[in-house]
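> We have chain S already, so just place chain E on it with the hints.
Listed below, chain by chain, are the residues.
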Amino acid sequence: MWRRMSRLLFYAVVIGYAVLTLIPFLWSLYTSLKTTPEIDKLWVPFSHLTIENYKYIVTQFPFFRWFLNSVLIAVAVTLGNLLFNTLAGYALARIRFPGRTLLFYVVLAVMMVPGQVVMIPVYIMLANWGWINTYWGFTIPFLTSSFGIFLMRQFFLSLPRELEEAATIDGLSRWGIFWRIALPLAKPALAAQTIFMFLGNWNSFMWPSLLASSDDMYTLPVGLNSFHWQYVAYWNVDMAGTMFMTIPMIIVFLIFQKWFIKGIATTGLK
Amino acid sequence: MRTRGDLLTGYLFVLPVAVSLTVFLIGPIFYAFYISFHEFSFLAPDQATWVGLENYVKLFHDPRFLKAVANTSFYSLGVVPVQICIALLLALIVDSKIKGKTFFRVVYFLPTVTSTVAVSVMFLYLFKNDGIVNLLLSKLGIPTVDWFNSIHFALPATMMMAIWTTVGQFMVIYLAGLQDIPNELYEAAEVDGATPWQKLRFITWPMLRPTTFFVLIMSIIGTFQVFDQMYVISKGEGGPQDATLTVVFYLYRAAFKDFNMGYASAMAFVLFLIILALTLIQKKFFKEETA
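Here the protein sequences come in this chain order: S and E.
So for the first sequence, this note's numbering puts the first residue at 1; every next one is plus one.
So for the second sequence, this note's numbering puts the first residue at 271; every next one is plus one.
Heads up, none of these hints are tricks.
To spell it out: a stretch of chain E is covered by chain S in this simulated footprint if at least three of its residues, at any positions, have a beta carbon under 8 Å from a beta carbon of chain S; those stretches are:
1. 364–377
2. 385–397
Pair by pair, the computed Cβ-Cβ distance ranges are:
3. E:Leu-347 to S:Trp-175: 45 to 53 Å
4. E:Gly-275 to S:Thr-101: 19 to 27 Å
5. E:Thr-319 to S:Lys-55: 52 to 60 Å
6. S:Ile-23 to E:Glu-507: 24 to 32 Å
7. E:Gly-275 to S:Ser-213: 42 to 50 Å
8. E:Leu-282 to S:Tyr-11: 53 to 61 Å
9. S:Leu-42 to E:Ala-464: 44 to 52 Å
10. S:Gln-60 to E:Leu-282: 45 to 53 Å
No lab work stands behind these hints: they were computed from the structure.
Just so it is clear, CB atoms sit at the ideal spot from N, CA and C, and this is done for glycine as well.
One chain only, chain S, in its complex shape (with noise of 0.2 Å):
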């Protein structure tokens, strides 16, 4: 008895939650198919729902241009963070140099710092140099980032030296050893690194709303930010563009939900 009583109540609590978590999205997915007059109704059969909503979006803003936008920029950048942040890591945890143990240090050190410290001399030095309102504005500062280098690093000093040693026999050449034999090995550690920068780029929005000075050049958070305001009685409308930036990560995260949720929890920690 007691203990069909606490299976319940457990169930209750899982089923709860998910129902918490669920309702948001689905609500505003409901609200962003219905008609203006009738916004506002609780129950609306299905047989009135329409799209039209997205098709207005779509036709009267700039919805694809700022997708674009984010789709290349978090693309562009992710790529950089994967090249970069895993050559310096590897390089900090497998070869020896003057000055490793020194960037080691700075690279922890300024893991510590938070982005607003350094957000307005980089402005400056952006708007000085012409790259506000431009990709490379978007881009270029974004390349690299500490705490992606420290994620390498701390996977690249768990690989046995052995592999490497028996590389060197071999005949392969640094290079080759990072490109052949530890590179195929850091799967897991690149694929946390991808979603990380990913997402993180992808959802951001403070340096794309100081970034972006004409629309055209808006990514979708910094769009969807402006075109709420213009829209806020028109529901509708206003969840239509919310669901147009939230349903293509939806879908890429139930495509790549193993990825996701094991990547970041393998690596959360270290």
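Relative to the frame of chain S, chain E by itself:
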């Protein structure tokens, strides 16, 4: 292990990172420190004047800054513990033998991948005066609130939003921690006749200590840097009546609306010191407990 040419290879491998860190991080940190002692505007850089510690002194007499610190602390104090408790509970649940484990993991993690801007707009809709949250509350006989326009409820509403969005991420980290606990410990405890509660209290919880430390630090750093949600829900104003003005928000406004960049830089360093202090306190606390 050493191969010939390692020296050069090493430098080549770290070169891009070294350049990028210097140009976009280390240089700017020093420059920010320098301008924090100046009356400095981006619009008139030639008219920068040295004011010594004045910006820092002014901060502690600025009621809006103090309000922003209070708001941020209140926000952090509310979000961090609740977030950690829910994350741990969910991790324990999806780590146990329940049906549809993967489904629940995916569902609980879903909000984490969604942009804070999209989530903020969604919550503005859900929590609006005649929105679904108020509708449900009124059905239960609870008086309705105009959440994001109320000086008492705007901040708590963003706190709920933050918890909802980030719990999944911390759940996954706890999940990793749970899976690192050796099974033999539980087996041994079972032989000794331990109850599930005792296993949780004397094995799981102590073994999760490093995870809890990590989660705590991440959560504190994250909450002290909150900005996006506040900016979106208050239309860039921090209202109603500064109720959602946080430190980073005020810093942003001081720098890019009032062009008071020396003052904003001083704020950034105070924020850094607060985060650093909180991290060190946590670290000390956790070390002493385990020693």
